Amino acid sequence: MKKTSKKTLGAVMAGLLAVSLAACGSSGGNNNGNAGASPAASPSSANGGSKENITITFQNIYPDPTDPKNKILHKIVSQYEAEHPNIKIELDSLNTDQQKLKLKTQAASKEVPDITVVNPSAQMKPFVDAGLFAPLNEMVEKNGLKDTFQAGILDYYTFDGNLYALPDGNNIALVYYNKSLFEQAGVKVPTTFEEMIEVVKQLKAKGIQPMTIGEKDTWTGSFLFMNILLRTNGGPGFLKDVLDGKKTFEDPAFLEAVDAFQALVQAGAFQEGATSFDYNAGENLFKTGKAAMYFMGSWATGGIETSPANENGNVGVFKFPTVNGKGDPNEFMLAPGSAFAVSKNSKHLEETLDFLNYFMLNFPKEAFEAKGAVGLAQNVEGDFKAAGYSDMAMEVLNMFKDVKGGDLAFDNTMNPGTAQAHLSSIQNLFVTKKDAAEVAKEHQTAFEQNKE
Amino acid sequence: MNVLKVSRWTIAVFVLPCLLLYVCLVFVPILVSFYSGMLDWNGIGESKFVGFANFGKMFASDPVFWPAVGRTFLLAGFSMLVQLPVALLVAILISRNVRRPNFLVSSYFLPVILSVVVIGQLWKTIYNPASMGGMINQILIKLGLESWTHSWLTEPKVAIYAVIVVGLWQYLGYHILIQFTGIQNIPADIYEAAKIDGAEGFKADRYITLPIIVPIFKISVVLSFIGSLQSFDLIMVMTGGGPAHATDVISSHMYNMSFLSMKYGYGSAIATFLVVVCLAATLIINLLFNRLDKRFS
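Heads up: the protein sequence lines correspond to chains A and B, in order.
So for the first sequence, numbering that gives the first Met the number 0 puts the first residue at 0; every next one is plus one.
So for the second sequence, numbering that gives the first Met the number 0 puts the first residue at 0; every next one is plus one.
Source of the hints: derived by calculation from the structure; they are not laboratory data.
Keep in mind that the hints are not guaranteed to be accurate.
[As the list claims (entries may be wrong)] DSSO-like mimics (lysine-lysine), calculated; alpha carbons at most 27 Å apart, straight line:
1. A:Lys103 x B:Lys56
2. B:Lys141 x A:Lys205
3. B:Lys141 x A:Lys289
[What the hints assert, rightly or not] To list a few chain A residues with every Cβ distance to chain B over 10 Å, as calculated:
4. Asn52
5. Asp66
6. Ala106
7. Asp128
8. Ala129
9. Val188
10. Lys205
11. Val241
12. Ser275
13. Gly296
14. Asn311
15. Gly312
16. Asn313
17. Lys400
18. Ala435
19. Ala439
[Said to hold, decoys possible] Some, not all, of what chain A presents toward chain B, calculated at C-beta under 8 Å:
20. Gln97
21. Gln98
22. Leu100
23. Gly272
24. Val430
25. Thr431
Bear in mind that the values here come from a model prediction, so they are computed numbers and not experimental data.
A virtual CB, placed ideally from N, CA and C, is assigned to each residue, including glycine.
Using the sequences and the hints given, assemble the complete structure.
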């Protein structure tokens, strides 16, 4: 009796052990946070259909149902599913920051979803170097997809002659301003940076908050700073020159930009406590009519258009002015948008490429109808005015026609290590006055330490 | 010792599943992260083994690291020297003077169940500049103390203290609850006996309550210390470690390094440091309390 009970015990224990081991194994996967998004194929069907049932995972950054892009996404996906009954598109919709983090975790374990979202140039380079993405060179030629894109835009997603991602947008930086607040203070749209500082002072004297910024998300201040640098440098390419070793951060153009930026901060342009405002909180000050100017990328147009500040077309836009008489207002901070990339290890590479081709072909048409066609990377046909786009949207669209080149954001040009040092150095200027030479030195040190 | 009358092997077999789970979920990740700490790795591509270079850089040439460590210990210090004594005092007062203490204790406990994001946003509005409707600054102005107003979360010198206050406030109720329960478990007849002997009020607390709840207090100390070392969410919500690293603690620095600067190996080295500090702290606290225990018993 005793012996049998011991045997039973042994068997039970062996079973438990197996279970606990299995738990260990699966927990490893869960830790990577990709339980739902691994490129899992649906079980191959045996239901008599000639085609295999396929699931494609589509990671995207359109989770907000009120965002036109979310509607466009769902519309195109359901159209495609209706035309291809054997294919199911599984959406993994995340906020931008969540998606960035999730993709990095997934990339670490080489389990990238079939379609995912990356940012241009330096930001997507590590993923490309790790060989995670499939080249899209052939796919983009199919159905004339390549010709729908604006000239030159695909270069930001091309490495060694291979195209790895297709952008959903292309934006420029500009200044939105509140016309009635400008009237109250009796100021005009500034045409030079010096006038802009004067406008700030006059608004301030009237008790109006001159500008707003969400500087907790450090990139916002950097975006503005880089636009100043684009002017003081007399044109684009400063960071590229630094990367090529032709210039250093201790270049006079950089020092001048730091001084100009500090002049703006010291004039009291930004709201008190700006570094604790996140992007949305900062933008909301402008949207609710509590700040007179807002420097941002043209992607903000849609949200500002429908905000209280824009009642009766109260919001106008202007190009970022020249600084100390330098630079050309028609050179902009360029923001080629986030872009869709395809996993090289996708189990259904062919179908995924076919779907993305279909998606991008239909994207501009649907976006135009959903009034979300300002700042697309693709050419859009149609009469915007007749389709009911607002005056401000039209102004922004016209501004695109004046673009004569420009620079990308800092973190799209430099590697992440240098970029983080830069972001925090610029954030610091919002709270402490610093010598320009010291700021330049911080940048140069960080750049040299992070060199590959 | 073998009161169960089963062989050691049987005990081992029964312990095994749990032990395996524990090893897999706790020790293996720690070892893996220690190993990652020796890599030059961006988290995505190829990695390169660099030995202890990351650790060397961390200790010697990272300008953010040591201040972040300092702030972490500042947080822990405030937690142990301010939060816990206050919690103990409140717990004693409640259990002595309040007839139906449950309502009070639950109210103190309320912030603990609130999500940190909610609390962070709430306090951000409280700390806002007066022009944005910040409560503290408006009160100060009403009291005529305008020179005391600050932009609490964005002045580099003040910001970390502003965040610490919120952390202390949030977990005060947690420690009150722990210590209150401990005090409630002390049998009433001890106090009655003491009363006959002439010890009442704080005198009774000094000679009865304090010695008896030392083990409970130890739990509070360990929890608050480890909690402070690991504090992350509140910092991320309120300041994101800014302005310019002025409120970075060890864990937020680790996050920035691994996921924003994409130095996964370096981030892992910081994580390893954090684990070692946590283990060492637990050991030291245990040692101290063992001595304290011996003295009282």
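Right, here's what the structure says about each hint:
1. A:Lys103 x B:Lys56: holds, 24 Å
2. B:Lys141 x A:Lys205: Cα-Cα ~23 Å, so holds.
3. B:Lys141 x A:Lys289: holds, 23 Å
4. Asn52: The claim stands: A:Asn52 keeps its Cβ more than 10 Å from every Cβ of chain B (closest is about 31 Å).
5. Asp66: Non-interface label on A:Asp66 holds, nearest chain B Cβ at 22 Å vs cutoff 10 Å.
6. Ala106: violated, 4 Å
7. Asp128: violated, 5 Å
8. Ala129: Contrary to the label, A:Ala129 does not stay out of reach of chain B, its closest Cβ about 4 Å off (not over 10 Å).
9. Val188: With a cut-off of 10 Å, A:Val188 remains clear of chain B, as the shortest Cβ separation is near 25 Å.
10. Lys205: The claim holds: A:Lys205 sits with its nearest Cβ about 14 Å from chain B, beyond 10 Å.
11. Val241: holds, 18 Å
12. Ser275: Answer for A:Ser275: violated, closest chain B Cβ roughly 4 Å.
13. Gly296: holds, 20 Å
14. Asn311: Fine: 26 Å to the nearest Cβ keeps A:Asn311 off the interface.
15. Gly312: Non-interface label stands for A:Gly312: nearest chain B Cβ at 28 Å, farther than 10 Å.
16. Asn313: It holds; A:Asn313 is separated from chain B by about 22 Å at its closest Cβ, greater than 10 Å.
17. Lys400: holds, 36 Å
18. Ala435: holds, 16 Å
19. Ala439: About 16 Å separates A:Ala439 from the closest Cβ of chain B, which puts it past 10 Å; holds.
20. Gln97: violated, 11 Å
21. Gln98: violated, 12 Å
22. Leu100: Result: holds, 6 Å to nearest chain B Cβ.
23. Gly272: holds, 5 Å
24. Val430: holds, 4 Å
25. Thr431: holds, 7 Å
Checked against the numbered hints given earlier, the structure breaks hints 6, 7, 8, 12, 20, 21 and satisfies all the rest.
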